[in-house]
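> Chains as they are written, first to last, in the working numbering: chain A, 1 to 127; chain B, 1 to 127.
These are calculated hints, taken from the structure and not from any lab test. Check the hints yourself; a few may be wrong.
Pairs count within a copy or across copies, as identical chains cannot be separated in the list.
[Stated by the list, open to error] Each computed EDC-like pair below joins lysine to aspartate or glutamate, with the alpha-carbon atoms no more than 16 Å apart:
no.	residue 1	residue 2
1	K127	E63
2	K23	D13
3	K7	E111
4	K46	D109
5	K23	E72
6	K7	D109
Keep in mind that this is a model prediction, so the values were computed, not measured.
Protein chains: 2
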Amino acid sequence: MSSWLDKVKWNTDGLVPVIVQEKGSHQILMHAWMNRESLSQTVETKKAVYWSRSRQSLWTKGELSGHYQNIESIRLDCDFDTLLLTVRQDGNIACHTGRHHCFFMSLVDREWLVTEEILKNPEDIYK
Amino acid sequence: MSSWLDKVKWNTDGLVPVIVQEKGSHQILMHAWMNRESLSQTVETKKAVYWSRSRQSLWTKGELSGHYQNIESIRLDCDFDTLLLTVRQDGNIACHTGRHHCFFMSLVDREWLVTEEILKNPEDIYK
Chain A
1 MSSWLDKVKW NTDGLVPVIV QEKGSHQILM HAWMNRESLS QTVETKKAVY
51 WSRSRQSLWT KGELSGHYQN IESIRLDCDF DTLLLTVRQD GNIACHTGRH
101 HCFFMSLVDR EWLVTEEILK NPEDIYK
Chain B
1 MSSWLDKVKW NTDGLVPVIV QEKGSHQILM HAWMNRESLS QTVETKKAVY
51 WSRSRQSLWT KGELSGHYQN IESIRLDCDF DTLLLTVRQD GNIACHTGRH
101 HCFFMSLVDR EWLVTEEILK NPEDIYK
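Same shape as in the complex, but just chain A (with noise of 0.2 Å):
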């Protein structure tokens, strides 16, 4: 019955990488992580249920934000040990430092640029 959640290669921690894909944009929003039942809350629920390894906790994503991200398709690569997620992000705001999403910093010539604004103070979306 839960066979789809057996054939997910989970490593050693019982976790998965998941990179997290905005529908429309095409945007990569974040890159976290999962345990069986967060994979299996996700698909339940259709809002993304992380794992967060700092907290060891199940993270429904938006639970303090209020920016849920509504499951669009779930997909695993040839490995059967990573996730992509296509999500309708909440918000529009995926990251906690209140930016549309996280990779905001790029490479240009050996320094770590920030090439994303804040859209939003975090102590205004976390309150």
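Chain A is fixed; fit chain B onto it per the hints.
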């Protein structure tokens, strides 16, 4: 002199996950890993060099297949622990199965369905 390499938060194995996105199509081609040396060589050669965890060695993508990945941009995320490459894919094939990209299984009604065609027989790629 290599302080940009020190800004990256390498994990306990000295690695970071790498998302590889195609310029133009914006498709996610693959997910890989880099260590300090592979990122350094990637910047130097402008071709993607990864760390193969299975072979425990540096791996210039395309060295066997000719399907090199030419670097357009390199980004780092808010946690300094994930890279996003934008590349031009030689040969239009990134996956070792002969497909354009590696994320060719889609979850449909709790089943993984193959949703991408094989463009070239792997036996004809790796010979």
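> Run every hint past the structure and note whether it holds.
Structure-based check of each hint:
1. K127 - E63: Classified as within; 12 Å inside a copy, 51 Å across copies.
2. K23 - D13: Neither, since 30 Å and 33 Å both go past 16 Å.
3. K7 - E111: Result: close only across copies, 10 Å inter versus 41 Å intra.
4. K46 - D109: between (41 Å within a copy, 12 Å between copies)
5. K23 - E72: Classified as within: same-chain Cα gap 8 Å, cross-chain 22 Å, threshold 16 Å.
6. K7 - D109: For K7 and D109, the Cα distance is within 16 Å only across copies (14 Å; inside one copy 42 Å).
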